[in-house]
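Visitor: Chain by chain, the residues:
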Amino acid sequence: MKKNSKLTNFYLALMIIITYIPIVITVVYSFNESKISTIWSGISLKWYEELFRDRDMKEALRNSLVLAFFCCSLSAIIGTLGAVGMSKVKTKANHVIEYLATIPIMIPEIILGMVFLAVFSLLSIPFGMTTLVIAHTSFCIPYVLLNVKARLAGMDGSLEEAARDLGAGRFRAFIDIVLPLITPAILSGVLLSFAMSFDDVVISIFVTGPKVNILPVKIYTKIKTGVTPEINALATVLLAATVLLLFLSGWIGRRAGRFENKEDGNEERN
Amino acid sequence: MREVILDLQDIKKSFGKNEILKGLNLKVHEGEFLTFLGASGCGKTTTLRIIAGLEMPDSGQVILNGVDVTKKEPNERDVNTVFQNYALFPHMSVEDNIAYGLKLKKVAKNEIKKRVKEVLSLVQLEGYEKRRTTELSGGQKQRVAIARAVVNNPKILLLDEPLGALDAKLRHQMQLELKKLQKSLGITFLYITHDQEEAINMSDRIVVMKEGQFEQIGTPDEIYNEPKTSYVAAFVGDSNILTGTVKECAEDKVVMEFAGGTVMAQAKGKSYKEGEQVVFSIRRENIKLEDHKDMPIKAVVKEKSFAGGMLRIVFLVSDNIEIVASRQGINYNLVPGEETEISFASEHVVILNQEM
Amino acid sequence: MTMKKRKNKSIYLMLVPIYAFTIIFVLFPILYMILLSFLSKAEVWGVVKEVTLDNYKKITEPLYIKTFLDSIKLAAISTGFVVLLGYPFGYFMAKLSKKWKRRMMELIMVPFWTSGLMRLYGWIIVFRSNGTLDQILMGLHITKSPLKLLYSYEAVVVGMIYALMPFMVLSVYSSAEKMDWTLVEAARDLGATKFKAFITITLKQTMPGLLSGVILTFVPSMGMFFVADLLGGNKIVLVGSVIQEQLTKGRNLPFAAAMSVVLMLLTTMLISLYKRVTGSGEMEGLV
Numbered sequence: 143m144k145k146n147s148k149l150t151n152f153y154l155a156l157m158i159i160i161t162y163i164p165i166v167i168t169v170v171y172s173f174n175e176s177k178i179s180t181i182w183s184g185i186s187l188k189w190y191e192e193l194f195r196d197r198d199m200k201e202a203l204r205n206s207l208v209l210a211f212f213c214c215s216l217s218a219i220i221g222t223l224g225a226v227g228m229s230k231v232k233t234k235a236n237h238v239i240e241y242l243a244t245i246p247i248m249i250p251e252i253i254l255g256m257v258f259l260a261v262f263s264l265l266s267i268p269f270g271m272t273t274l275v276i277a278h279t280s281f282c283i284p285y286v287l288l289n290v291k292a293r294l295a296g297m298d299g300s301l302e303e304a305a306r307d308l309g310a311g312r313f314r315a316f317i318d319i320v321l322p323l324i325t326p327a328i329l330s331g332v333l334l335s336f337a338m339s340f341d342d343v344v345i346s347i348f349v350t351g352p353k354v355n356i357l358p359v360k361i362y363t364k365i366k367t368g369v370t371p372e373i374n375a376l377a378t379v380l381l382a383a384t385v386l387l388l389f390l391s392g393w394i395g396r397r398a399g400r401f402e403n404k405e406d407g408n409e410e411r412n
Numbered sequence: 010m011r012e013v014i015l016d017l018q019d020i021k022k023s024f025g026k027n028e029i030l031k032g033l034n035l036k037v038h039e040g041e042f043l044t045f046l047g048a049s050g051c052g053k054t055t056t057l058r059i060i061a062g063l064e065m066p067d068s069g070q071v072i073l074n075g076v077d078v079t080k081k082e083p084n085e086r087d088v089n090t091v092f093q094n095y096a097l098f099p100h101m102s103v104e105d106n107i108a109y110g111l112k113l114k115k116v117a118k119n120e121i122k123k124r125v126k127e128v129l130s131l132v133q134l135e136g137y138e139k140r141r142t143t144e145l146s147g148g149q150k151q152r153v154a155i156a157r158a159v160v161n162n163p164k165i166l167l168l169d170e171p172l173g174a175l176d177a178k179l180r181h182q183m184q185l186e187l188k189k190l191q192k193s194l195g196i197t198f199l200y201i202t203h204d205q206e207e208a209i210n211m212s213d214r215i216v217v218m219k220e221g222q223f224e225q226i227g228t229p230d231e232i233y234n235e236p237k238t239s240y241v242a243a244f245v246g247d248s249n250i251l252t253g254t255v256k257e258c259a260e261d262k263v264v265m266e267f268a269g270g271t272v273m274a275q276a277k278g279k280s281y282k283e284g285e286q287v288v289f290s291i292r293r294e295n296i297k298l299e300d301h302k303d304m305p306i307k308a309v310v311k312e313k314s315f316a317g318g319m320l321r322i323v324f325l326v327s328d329n330i331e332i333v334a335s336r337q338g339i340n341y342n343l344v345p346g347e348e349t350e351i352s353f354a355s356e357h358v359v360i361l362n363q364e365m
Numbered sequence: 023m024t025m026k027k028r029k030n031k032s033i034y035l036m037l038v039p040i041y042a043f044t045i046i047f048v049l050f051p052i053l054y055m056i057l058l059s060f061l062s063k064a065e066v067w068g069v070v071k072e073v074t075l076d077n078y079k080k081i082t083e084p085l086y087i088k089t090f091l092d093s094i095k096l097a098a099i100s101t102g103f104v105v106l107l108g109y110p111f112g113y114f115m116a117k118l119s120k121k122w123k124r125r126m127m128e129l130i131m132v133p134f135w136t137s138g139l140m141r142l143y144g145w146i147i148v149f150r151s152n153g154t155l156d157q158i159l160m161g162l163h164i165t166k167s168p169l170k171l172l173y174s175y176e177a178v179v180v181g182m183i184y185a186l187m188p189f190m191v192l193s194v195y196s197s198a199e200k201m202d203w204t205l206v207e208a209a210r211d212l213g214a215t216k217f218k219a220f221i222t223i224t225l226k227q228t229m230p231g232l233l234s235g236v237i238l239t240f241v242p243s244m245g246m247f248f249v250a251d252l253l254g255g256n257k258i259v260l261v262g263s264v265i266q267e268q269l270t271k272g273r274n275l276p277f278a279a280a281m282s283v284v285l286m287l288l289t290t291m292l293i294s295l296y297k298r299v300t301g302s303g304e305m306e307g308l309v
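Chains as they are written, first to last, in my numbering: chain U, 143 to 412; chain F, 10 to 365; chain Y, 23 to 309.
It is possible that part of the hints are untrue.
[As the list claims (entries may be wrong)] Anything over 12 Å on all C-beta distances counts as not near chain F; from chain U, calculated:
no.	residue
1	185
2	211
3	241
4	270
5	306
6	311
7	318
8	362
[Unchecked claim] Just some of the chain U residues that point at chain Y, by a computed CB distance under 10 Å:
no.	residue
9	183
10	187
11	256
Bear in mind the hints are in silico, worked out from the structure with no lab data behind them. In this text the structure is predicted, and so the values were computed from the model without any measurement. A virtual CB, placed ideally from N, CA and C, is assigned to each residue, including glycine.
With the sequences and hints as input, model every part of the structure.
Guide: Pasting the structure below:
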């Protein structure tokens, strides 16, 4: 395999730089003293102070976290049980359900928003946290389901059989062998779900209702009404949180890698 | 004879419309090393899985040590398996892998430690307790898999092509070690392989399987020297399977016409009618190329090649029948196209059971 | 009597949550949406329970046809740029050393995981009148007055490309990663030029990744009304915007449903087309 030329490496670097331009600018201006972000008037933390004083914002953040917690837990449970169950009981219905379950991430979000708005009105479920949790869970399940399913498919089925052969009951074999091996897949599915839930504007706008304020919707309306340095500060905080989350996921990934029998890993050691 | 430890009674199994096992009957004796030999897809792994309880037969009984275990779960049976791909738990150390079965049986902790140490020295892996299984070489994984199974003192150890993934040299060494291990432990081994050499080297008895049925059950000597069917003859060792017409059957000799020549065989108590078609086999190494004592047959050398440490010579006799002979060494002064003679000594010609 | 493989009842219980959730909150809502699309809006509130094709007829009105075409055009333009910029990125990335692959992946993932809104917000700062870009251009004396880039078609396209690029990069990368590079060498050895080898070998082998990247870019871009909204002002009307407007302002649920059904049909067609193409395409690639 040939290595990249200088030109292609330059291209890769340029693209990365462009990707980071808006992010860097957002972060830089969050420390700007001036309210008008086109003018630089010195370093200040006042927008962070304002952000942390903003009760609305804090409430929105809390609501978003609560929402993410519920939708992540639900999708972790439903998705994992579903993936494991489908690997055990093989019926044609599984394919149909799997296809249907992944529709929420296949179609444009706006349709999902529309559909939920209609159905929740029909069933007269009051718009608020419940409707948000249901809607978010619907598009988070596929991430867990597909992740765990892929892991199970890549897993050596004889491992579970070996445990049974050595004297473990069905449940014990699952707890001792299968669960530890699919945990990284569950966690990475959950992590992705968390990011998606925390980021979703389109669907949330339709199902949030007047009483519950969540972060992405709040940010959307704020940006629509005008640029304020407070948003820059918020963006910076969220960015820091993301980087932290990514470190966490990298760590989980490395743990997962340990369980895999990598031939090249052996070569490196020798 | 030693006691029967496993009794399979009319085991049948289908997957969908595919009949995998067509009514198997087998008695295995205590301390025996029994090998299932067959091509892939013959049902040998399914048989083993049914004995382990990982698969349920559609009908028939599995009697283990006098008890009907047909409906018992794998964890309720006193058998352990060495899986083809080892199936070592990747998230556990060598020690935890081996101790897993004992922990489930709630054996005391220091007792577990002791037994793990013992079994590790048995498989020559002393000091490997804390190693991660993913760091081991193929041969080491193999030993851990065996240790993990035998530490539980099973009534029967099931081994599903345990040496399949190892290279030829290591495989040969492991064959000897396994045989030694089986002798010292006294455990019954049920061993699966598609390698006839492995089967002959290790087994007390061999079961040759074909399409869900047992073709022949017997000692390695019986299987090798007295194959009952053309399948066994072809599969175990490399035999030429040929058809002759009986000319004469007198006393203990059968005289057959074959390819314009005459072939003699031992009747072994059976009688054959004149004009009857008989299938017989002769091993490649037993085909005589010179110093003919029996009636020689005219043959043309078709090709000559070197494979597997042997020289392989293909002859063409009349009716376009191919006969393959083999010899040690890399050369033999026959050249393709040359006309020559070959002959079969009567003691090497084995008449096979006609297949239904 | 035949005995089937033992199966514990509890295994079936594991399937209950996903079956129940999917039927109640995915299948039923979609069926309801389809039903709604054949009803019509009541005078004051709710829907009239009478089957009609009016909504679909309304979609064929020039105004809405234009909206669909505009959306498809914007999606196609954005996807085109994403292919042009993202394909080489994913491809070259797969050729990096192991260490740099990992670093590159981390660099891509950080913005990918940050809020999409926040990333758009960054572009607002860059693009708006007297924003960063204007300041740089004017500072360098390339332009004399602010360019008024924000609230333009170009800004929306940039926003779309930016939001969707990672999907393309990641899917191209994953298939380039699996690629058998010796095939390229074999083609070169057999006398293919670099270009010819790329077209006949590399492109074919990375086709599944490229196509799935196209789907992952094209499909969402049809519905990302907030990008058009924030970066394009009110100038650009997309299907997504119409659906949203019909729901919030027009309160015309049946018409929004009909638009959604059409949009969903379009997407489903694209996805099944992808499945068919890669299904056979992969086989060809191997031979």
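Visitor: Hint by hint, say whether it matches the structure.
Guide: Quick rundown of the hints versus the structure:
Its beta-carbon lying about 49 Å from the closest one in chain F, residue 185 (chain U) satisfies the requirement of being farther than 12 Å from that chain. Annotated as non-interface, residue 211 (chain U) keeps its C-beta farther than 12 Å from every C-beta of chain F; the closest such distance is 27 Å. Residue-level check passed: residue 241 (chain U) sits 24 Å from the nearest beta carbon of chain F, beyond 12 Å. In this structure residue 270 (chain U) is separated from chain F by more than 12 Å, as the shortest Cβ-Cβ distance comes to about 42 Å.
Distance check for residue 306 (chain U) against chain F: the nearest CB is about 4 Å away, which does not clear 12 Å, and the non-interface claim fails. The claim that residue 311 (chain U) lies off the interface is violated: its Cβ sits roughly 6 Å from the closest Cβ of chain F, which falls inside the 12 Å cut-off. Distance to chain F contradicts residue 318 (chain U) as a non-interface residue, since its nearest Cβ pair spans about 8 Å, not more than 12 Å. For residue 362 (chain U), the shortest C-beta to C-beta distance to chain F comes to about 43 Å, beyond the 12 Å cut-off, and the non-interface label holds.
Because the closest C-beta pair between residue 183 (chain U) and chain Y is about 14 Å apart, greater than 10 Å, the hint is violated. For the restraint placing residue 187 (chain U) at the interface with chain Y, the shortest Cβ-Cβ distance is roughly 19 Å, beyond the 10 Å limit, so the hint is violated. Of the supplied interface hints, the one on residue 256 (chain U) holds, with its beta-carbon coming within about 5 Å of a beta-carbon of chain Y, less than 10 Å.
Violated hints for the displayed structure, listed by number in ascending order: 5, 6, 7, 9 and 10.
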